[in-house]
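A.B. asks: Here are the chains, one letter per residue:
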Amino acid sequence: MAKIHNAPTVHPPVGAYSHAIEIPPNARWLFISGQIALSPDGKVPDDFNPQCELVWMNLQNVLKSAGMDIKDLVKLTVFMVRETDLPAFREIRDRFLEGWRPATTLVFVRALARPQWLIEIEAIAARA
Amino acid sequence: MAKIHNAPTVHPPVGAYSHAIEIPPNARWLFISGQIALSPDGKVPDDFNPQCELVWMNLQNVLKSAGMDIKDLVKLTVFMVRETDLPAFREIRDRFLEGWRPATTLVFVRALARPQWLIEIEAIAARA
Amino acid sequence: MAKIHNAPTVHPPVGAYSHAIEIPPNARWLFISGQIALSPDGKVPDDFNPQCELVWMNLQNVLKSAGMDIKDLVKLTVFMVRETDLPAFREIRDRFLEGWRPATTLVFVRALARPQWLIEIEAIAARA
Chain A
5 MAKIHNAPTV HPPVGAYSHA IEIPPNARWL FISGQIALSP DGKVPDDFNP QCELVWMNLQ
65 NVLKSAGMDI KDLVKLTVFM VRETDLPAFR EIRDRFLEGW RPATTLVFVR ALARPQWLIE
125 IEAIAARA
Chain B
5 MAKIHNAPTV HPPVGAYSHA IEIPPNARWL FISGQIALSP DGKVPDDFNP QCELVWMNLQ
65 NVLKSAGMDI KDLVKLTVFM VRETDLPAFR EIRDRFLEGW RPATTLVFVR ALARPQWLIE
125 IEAIAARA
Chain C
5 MAKIHNAPTV HPPVGAYSHA IEIPPNARWL FISGQIALSP DGKVPDDFNP QCELVWMNLQ
65 NVLKSAGMDI KDLVKLTVFM VRETDLPAFR EIRDRFLEGW RPATTLVFVR ALARPQWLIE
125 IEAIAARA
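In order, the protein sequences belong to chains A, B and C.
So for the first sequence, this note's numbering puts the first residue at 5; every next one is plus one.
So for the second sequence, this note's numbering puts the first residue at 5; every next one is plus one.
So for the third sequence, this note's numbering puts the first residue at 5; every next one is plus one.
No lab work stands behind these hints: they were computed from the structure.
Quantities reported herein were computed from a predicted structural model and do not represent experimental measurements.
Please note: incorrect hints may appear among the correct ones.
As the list claims (entries may be wrong) - Selected chain B positions facing chain C (in silico; Cβ < 8 Å):
# : residue
1 : ARG32
2 : ASN62
3 : GLU124
To be verified - Derived pair list, reagent style DSSO-like, types lysine-lysine, alpha-carbon separation capped at 27 Å:
# : chain 1 : residue 1 : chain 2 : residue 2
4 : A       : LYS75     : C       : LYS68
5 : C       : LYS75     : B       : LYS68
6 : A       : LYS7      : B       : LYS7
7 : A       : LYS7      : C       : LYS75
8 : B       : LYS75     : C       : LYS7
9 : A       : LYS7      : C       : LYS7
As the list claims (entries may be wrong) - Computed from the model, here is a short list of chain A residues facing chain C with C-beta under 7 Å:
#  : residue
10 : HIS9
11 : VAL14
12 : ILE25
13 : GLU26
14 : PRO29
15 : THR108
16 : LEU110
17 : VAL111
All residues carry an ideal CB built from backbone N, CA and C; glycine is no exception.
Start from the sequences and build out the full structure, keeping to the hints where you can.
C.D. replies: This is the structure we're talking about:
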């Protein structure tokens with residue numbers, strides 16, 4: 005249902021994303037809060053890699069709770085705090101996206117809501 | 005109309021938000037600019053609490069101008085600059101939300117468009 | 005199709021944006037990734053002004069690839085890194101928007117995905 009648009013007049017996407025995703029009328033929409041690295045037992049991993057994987061697992065579980073999955077992702081917004089985590093982020097993202105390429109924005113902010121959090125990902129999903 | 009999804013496999017939300025909000029087809033949508041602490045007479049309060057309350061009042065008034073209200077909020081994105089304002093933000097948010105829990109992302113950025121602004125809240129709302 | 009809402013109870017917008025944009029049911033939606041200053045030949049301009057103009061041209065081209073244009077923009081989110089670039093941003097934005105005023109949020113983040121990037125603009129567009 006989602007239609008990928010990568011304008012030939014614009015540089016190719018620099019990573020696993022699409023320049024734009026089009027969604028036709030009559031979809032149901034899911035707006036997902038910024039997911040953070042908190043496990044069901046209240047623990048926050050110290051390092052970036054387990055934090056990032058936990059964020060993606062939370063995102064998967066939230067999608068699943070609404071009857072959606074990774075391929076329904078329309079837009080991701082990624083908030084990170086350390087530039088040095090970017091290669092690890094890309095490796096983990098590519099694994100979880102399984103070839104799907106949602107529209108994406110990624111910026112480095114000064115801090116997230118808790119000082120130990122290193123990454124937060126919010127998402128918009130849609131399914132016809 | 006909006007359907008709340010809090011996946012049982014994910015930690016409970018750490019505050020007055022939902023992990024995800026689903027909106028069915030055939031809603032009308034309202035995209036609201038980042039609201040800042042500016043009163044109709046052009047004044048900006050010095051302190052965080054009156055700034056935050058003014059932002060929420062502006063948000064309420066923008067919703068009202070489109071025939072919507074707080075319960076139509078689907079997603080909030082909160083940009084703040086000082087971590088020390090977080091408890092006050094939560095207290096004021098909880099009061100204005102009146103029990104409703106939209107999907108929410110909150111990050112600390114380096115600065116907002118004017119140096120005196122301490123908080124900016126943008127929102128997406130929908131009504132069937 | 006898009007309906008502008010500027011609540012009379014809220015300060016006038018402080019720039020070329022609207023407080024809120026309403027989109028009725030049955031629109032098709034376009035979610036556009038954060039556009040950055042990268043030309044099709046892989047070059048990044050050094051200065052802010054050519055970067056900002058390139059971002060806007062990329063945004064225009066992405067819209068065009070989906071059969072949309074500037075007047076279909078519903079929401080812009082602008083991420084910048086230097087406050088001193090704000091006057092130049094406004095001048096360039098006003099030129100590209102050609103009188104249209106989408107809902108907009110603008111914040112200053114610590115950094116973008118590449119250290120040389122000074123501005124990133126993501127967008128949501130809709131057409132009935």
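A.B. asks: Could you run down the list of hints and mark each one as holding or not?
C.D. replies: Verification of the supplied hints:
1. Checking B/ARG32 against chain C: minimum C-beta separation of about 5 Å stays under 8 Å; hint holds.
2. A distance limit of 8 Å between C-beta atoms decides the matter here; for B/ASN62 the minimum to chain C is near 5 Å, and the interface restraint holds.
3. The criterion of a C-beta within 8 Å of any C-beta in chain C is met by B/GLU124, whose closest approach is roughly 7 Å, and the hint holds.
4. Of the pairs offered as hints, the one joining A/LYS75 and C/LYS68 holds, with about 24 Å between alpha carbons and a cut-off of 27 Å not exceeded.
5. Taken as a hint, the C/LYS75 and B/LYS68 pair is honoured in the structure, with Cα atoms around 24 Å apart against an allowance of 27 Å.
6. About 25 Å separates the Cα atoms of A/LYS7 and B/LYS7, which keeps this hinted pair within 27 Å; it holds.
7. As the CA atoms of A/LYS7 and C/LYS75 are separated by approximately 21 Å, the hinted pair is consistent with the 27 Å bound.
8. With a C-alpha separation of about 21 Å, the suggested pairing of B/LYS75 with C/LYS7 holds against the 27 Å cut-off.
9. A threshold of 27 Å between alpha carbons decides the hint, and for A/LYS7 with C/LYS7 the separation of about 25 Å falls inside it, so the pair holds.
10. Because the closest C-beta pair between A/HIS9 and chain C is about 5 Å apart, less than 7 Å, the hint holds.
11. Residue-level restraint check for A/VAL14 holds (minimum Cβ-Cβ distance to chain C is 5 Å; threshold 7 Å).
12. Proximity of A/ILE25 to chain C holds as hinted, the smallest CB-CB distance being about 5 Å (cut-off 7 Å).
13. The interface hint given for A/GLU26 holds, since its Cβ lies 5 Å from the closest Cβ of chain C, which is under the 7 Å cut-off.
14. Residue-level restraint check for A/PRO29 holds (minimum Cβ-Cβ distance to chain C is 4 Å; threshold 7 Å).
15. For A/THR108, the interface hint holds, the least distance from its beta-carbon to any beta-carbon of chain C being 5 Å, beneath 7 Å.
16. For A/LEU110, the suggested interface contact is upheld, since its CB lies about 5 Å from the closest CB of chain C, less than 7 Å.
17. For A/VAL111, the interface hint holds, since its Cβ comes within 7 Å of a Cβ in chain C; the closest pair sits about 5 Å apart.
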